[in-house]
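So you can see what is in the structure, the chains are spelled out below.
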Amino acid sequence: MARIVSSDETTPTRYAWSVQAEGLMVKAGRHLAVNGLDLRMGVGVQGLLGPNGAGKTTLMRALATIVPPSGGDLILLGQRMRAGGDARTVRRSLGYLPQSFGYYPRFTVREFVEYMAWMKEMPAREIPGAVQRAIERIGLADRAEAKLKTLSGGMLRRVGIAQAVVNDPQILLLDEPTVGLDPEQRVGFRELLREMGTDACVLVSTHLVEDVAAACTDVVLINEGQLVWQGSPQDLAGAGGGGDAGDSPAERGYSALLRDHRGRAANDPQASGDTWGTGRRPAR
Amino acid sequence: MNRSFRIELRRSNALPLVAAVLAVMVLSDFLLGERNSWDGNWMKLAAGGRSSLLVMVVFAVGAGAMQAGLDYRRGVVELFASTPRPRRSRVLPVALALAIASVLAYLLTFAIASAWVAPYATYANPLAIAGVVGVGAVTMVTAVWLGLLAGHLLPSRLTPPIASVLALLLMAVASEGLGSLGNGAALSLLLPDLSPSVEGAATVPGRVSALQAVWLLAVGVSALAAFVSARRRFRVLAVLPAVLALVLVAPQLPHGQGYIAAYTIDPRAAELVCAAGTPRVCVTRVDAARLTQVTAPARAALTALARLPHSPTAVIEQPRIEASTVKPPPSDRGDTVWMDLTPYGVDRRGRMDPEDIKDLTVQLLANVGVSADRCLRTGGMSSADFAASEISTAWLLGHPPTPDSRLPAGSQEQTRTGWTALTSVPAAEQRKRVATMRKALLTCRGDVYTILTKGKAR
Numbered sequence: 001m002a003r004i005v006s007s008d009e010t011t012p013t014r015y016a017w018s019v020q021a022e023g024l025m026v027k028a029g030r031h032l033a034v035n036g037l038d039l040r041m042g043v044g045v046q047g048l049l050g051p052n053g054a055g056k057t058t059l060m061r062a063l064a065t066i067v068p069p070s071g072g073d074l075i076l077l078g079q080r081m082r083a084g085g086d087a088r089t090v091r092r093s094l095g096y097l098p099q100s101f102g103y104y105p106r107f108t109v110r111e112f113v114e115y116m117a118w119m120k121e122m123p124a125r126e127i128p129g130a131v132q133r134a135i136e137r138i139g140l141a142d143r144a145e146a147k148l149k150t151l152s153g154g155m156l157r158r159v160g161i162a163q164a165v166v167n168d169p170q171i172l173l174l175d176e177p178t179v180g181l182d183p184e185q186r187v188g189f190r191e192l193l194r195e196m197g198t199d200a201c202v203l204v205s206t207h208l209v210e211d212v213a214a215a216c217t218d219v220v221l222i223n224e225g226q227l228v229w230q231g232s233p234q235d236l237a238g239a240g241g242g243g244d245a246g247d248s249p250a251e252r253g254y255s256a257l258l259r260d261h262r263g264r265a266a267n268d269p270q271a272s273g274d275t276w277g278t279g280r281r282p283a284r
Numbered sequence: 001m002n003r004s005f006r007i008e009l010r011r012s013n014a015l016p017l018v019a020a021v022l023a024v025m026v027l028s029d030f031l032l033g034e035r036n037s038w039d040g041n042w043m044k045l046a047a048g049g050r051s052s053l054l055v056m057v058v059f060a061v062g063a064g065a066m067q068a069g070l071d072y073r074r075g076v077v078e079l080f081a082s083t084p085r086p087r088r089s090r091v092l093p094v095a096l097a098l099a100i101a102s103v104l105a106y107l108l109t110f111a112i113a114s115a116w117v118a119p120y121a122t123y124a125n126p127l128a129i130a131g132v133v134g135v136g137a138v139t140m141v142t143a144v145w146l147g148l149l150a151g152h153l154l155p156s157r158l159t160p161p162i163a164s165v166l167a168l169l170l171m172a173v174a175s176e177g178l179g180s181l182g183n184g185a186a187l188s189l190l191l192p193d194l195s196p197s198v199e200g201a202a203t204v205p206g207r208v209s210a211l212q213a214v215w216l217l218a219v220g221v222s223a224l225a226a227f228v229s230a231r232r233r234f235r236v237l238a239v240l241p242a243v244l245a246l247v248l249v250a251p252q253l254p255h256g257q258g259y260i261a262a263y264t265i266d267p268r269a270a271e272l273v274c275a276a277g278t279p280r281v282c283v284t285r286v287d288a289a290r291l292t293q294v295t296a297p298a299r300a301a302l303t304a305l306a307r308l309p310h311s312p313t314a315v316i317e318q319p320r321i322e323a324s325t326v327k328p329p330p331s332d333r334g335d336t337v338w339m340d341l342t343p344y345g346v347d348r349r350g351r352m353d354p355e356d357i358k359d360l361t362v363q364l365l366a367n368v369g370v371s372a373d374r375c376l377r378t379g380g381m382s383s384a385d386f387a388a389s390e391i392s393t394a395w396l397l398g399h400p401p402t403p404d405s406r407l408p409a410g411s412q413e414q415t416r417t418g419w420t421a422l423t424s425v426p427a428a429e430q431r432k433r434v435a436t437m438r439k440a441l442l443t444c445r446g447d448v449y450t451i452l453t454k455g456k457a458r
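First to last, the sequence lines map onto chains W and Z. Using this note's numbering, read the first sequence as starting at 1 and increasing by one per residue. Using this note's numbering, read the second sequence as starting at 1 and increasing by one per residue.
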């Protein structure tokens with residue numbers, strides 16, 4: 001019997017990058033938290049690193065179409081994001097785990113993920129299967145009928161991940177996903193990331209440099225709303241020397257790149273961002 | 001849609017709203033305090049429901065505001081903002097669930113309360129009653145949707161209590177205030193408040209209820225549209241239904257004193273039902289359950305009055321909307337004693353209080369059987385007028401006046417001295433003086449106290 005093929009399946013991809021930002025500016029309140037960011041990301045798992053206040057969460061919110069850009073260009077899945085524009089198509093292909101993840105305490109795990117699948121406008125007949133898959137993927141199948149208020153912090157974080165991946169998103173944004181996970185769960189989570197990264201653009205914002213080194217194919221380092229560096233975890237590890245702060249090569253590399261950028265920005269305020277562009281070369 | 005509606009229903013506080021309204025109404029004044037003022041009269045019950053909206057609206061507004069603030073309190077606004085589903089398809093089911101719940105709460109309260117009315121109600125005008133109840137139900141929907149809008153525009157923990165208090169103030173104060181505005185009498189009918197303290201045959205015409213329903217529903221639709229729309233531009237446009245309804249409905253509402261303007265006399269309810277035999281004793285159809293109970297005391301009053309020349313021959317309940325609003329019919333030449341049953345409630349079996357039945361004879365003999373409204377003196381009776389009424393009643397009943405603590409202090413003293421003055425003259429003169437007093441009251445001329453004590457009008 002013939003199968004109805006949706007237009008999504010037959011339309012060829014018409015964009016080179018899942019996420020493309022040029023001179024992107026995003027406000028957090030009145031403050032310009034992302035200030036002239038250039039970034040290109042494709043399929044794979046990218047770790048978003050940066051000190052507190054670097055603009056990581058604001059960038060995530062812009063990519064999640066919650067705040068529109070106040071300047072520059074942001075193109076998601078080939079569609080330009082504008083204030084007042086319609087982001088509905090892009091949102092269907094988005095998965096997002098906010099830093100502070102709210103939920104309805106009286107919902108069961110299954111109900112909540114199901115509700116989010118409905119919110120993401122998945123076809124009704126696909127929802128039950130997709131919900132079950134998502135719950136299995138994060139290892140909560142035995143707690144599927146438990147009320148959310150009975151779950152521990154780590155389990156809730158996993159429910160948050162399940163709702164983010166339930167629609168097999170093309171862009172998956174995870175803000176601090178490993179908070180509250182024990183070491184064993186973190187290992188499982190990295191596997192899930194690698195799996196998702198095979199056909200989606202996954203961006204993981206984190207403080208834990210080790211998570212990035214272990215699970216990411218790419219590292220994005222930002223500071224003060226601008227791109228500092230983009231490259232592979234191996235290059236990150238290679239960027240640091242014995243004198244840099246940190247307990248591992250990746251951490252030392254992180255410290256070195258940040259210190260170098262701060263020194264450069266202090267000497268020449270004009271040199272910020274654009275020089276480093278989107279090239280995949282290390283800063284030195 | 002069905003499945004999502006079910007989930008949204010669980011997300012909503014629709015069921016707690018129904019439970020809260022029912023619990024409060026059952027425990028509150030409405031069922032425990034007011035149930036004896038319905039008098040087996042469907043219209044009074046329906047109007048009682050409208051006046052208790054004062055309490056129910058507080059819950060409806062609060063529930064709406066809490067519901068709208070729920071997403072903020074749960075911290076899911078951020079998460080939901082990243083999803084494609086339009087706001088309307090997410091919040092409409094909730095708004096609908098709350099509307100159904102609020103209507104259900106209102107109708108259930110009415111249904112429970114009707115157990116006190118149904119067993120001995122003698123008259124019903126289904127259309128008028130449906131109209132009065134319907135406006136109440138529409139008000140609940142509008143209140144819930146206004147609450148949703150308030151909670152959405154001001155997402156704070158303080159919004160539900162503040163919105164509830166504002167609703168209470170609006171209902172309690174504004175209905176009075178609007179009514180007292182110069183030509184604004186009609187404006188008080190823009191609020192749903194109605195009082196059940198009207199006489200039995202009063203009714204709210206279907207047209208008035210329809211106008212009120214259209215206006216209140218339009219306000220609700222405006223609130224809902226503003227709540228549902230995601231864009232500010234549409235939110236501003238949303239006031240259109242309410243403004244349009246105000247312009248079209250307000251001029252058509254009846255003018256008068258506050259909510260009383262809503263009432264007219266229902267001619268079928270006012271039809272007289274009379275006791276068998278003579279003298280004639282009649283009550284209106286709505287109060288027919290009380291006829292057998294009032295017949296004996298009414299006839300006792302006529303017997304007492306028969307000591308006078310040209311004494312009245314019938315006791316008839318006069319259909320009025322409210323005491324002091326209507327004069328007795330111009331055709332009245334003093335052959336009828338007009339009876340007011342409003343102060344006498346009945347219990348759920350339709351029985352009057354035995355004390356009230358005893359008191360009825362005395363009440364009918366007040367002012368020698370002439371209605372105080374005849375010369376519109378209700379508010380203007382002096383202490384001497386009260387004393388004269390006491391003395392003449394005592395004389396008709398053939399025993400000295402009993403001290404009545406409800407009378408002003410001056411009246412009691414005047415009653416005592418007046419009684420001595422009247423009974424010190426021969427019996428024929430006494431009879432003449434009381435008859436003259438009655439004549440003076442019927443013609444609205446003369447000082448009745450002077451007539452009783454000195455034998456002539458000044």
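Please note that a few of the clues may not be correct.
[Unchecked claim] Covered stretches of chain W (in silico footprint by chain Z; criterion: 3 or more residues with CB under 8 Å from a CB of chain Z, positions within the stretch not fixed): (1) 15–29; (2) 40–46.
[Unchecked claim] Examples of chain Z residues lying across from chain W (beta carbon under 10 Å, computed): (3) I7; (4) L70; (5) G75; (6) F80; (7) A81; (8) R88; (9) R231; (10) L237; (11) A238; (12) L240; (13) M352; (14) E355; (15) D447; (16) T450.
FYI, nobody ran anything at the bench for these hints, they're computed from the structure. Built from N, CA and C at the ideal position, the CB exists for glycine as well.
So, going through the hints one by one against the coordinates:
{"no.": "1", "hint": "15–29", "in the structure": "violated (count 0)"}
{"no.": "2", "hint": "40–46", "in the structure": "violated (count 0)"}
{"no.": "3", "hint": "I7", "in the structure": "5 Å, holds"}
{"no.": "4", "hint": "L70", "in the structure": "8 Å, holds"}
{"no.": "5", "hint": "G75", "in the structure": "3 Å, holds"}
{"no.": "6", "hint": "F80", "in the structure": "6 Å, holds"}
{"no.": "7", "hint": "A81", "in the structure": "5 Å, holds"}
{"no.": "8", "hint": "R88", "in the structure": "13 Å, violated"}
{"no.": "9", "hint": "R231", "in the structure": "8 Å, holds"}
{"no.": "10", "hint": "L237", "in the structure": "17 Å, violated"}
{"no.": "11", "hint": "A238", "in the structure": "19 Å, violated"}
{"no.": "12", "hint": "L240", "in the structure": "23 Å, violated"}
{"no.": "13", "hint": "M352", "in the structure": "52 Å, violated"}
{"no.": "14", "hint": "E355", "in the structure": "55 Å, violated"}
{"no.": "15", "hint": "D447", "in the structure": "76 Å, violated"}
{"no.": "16", "hint": "T450", "in the structure": "79 Å, violated"}
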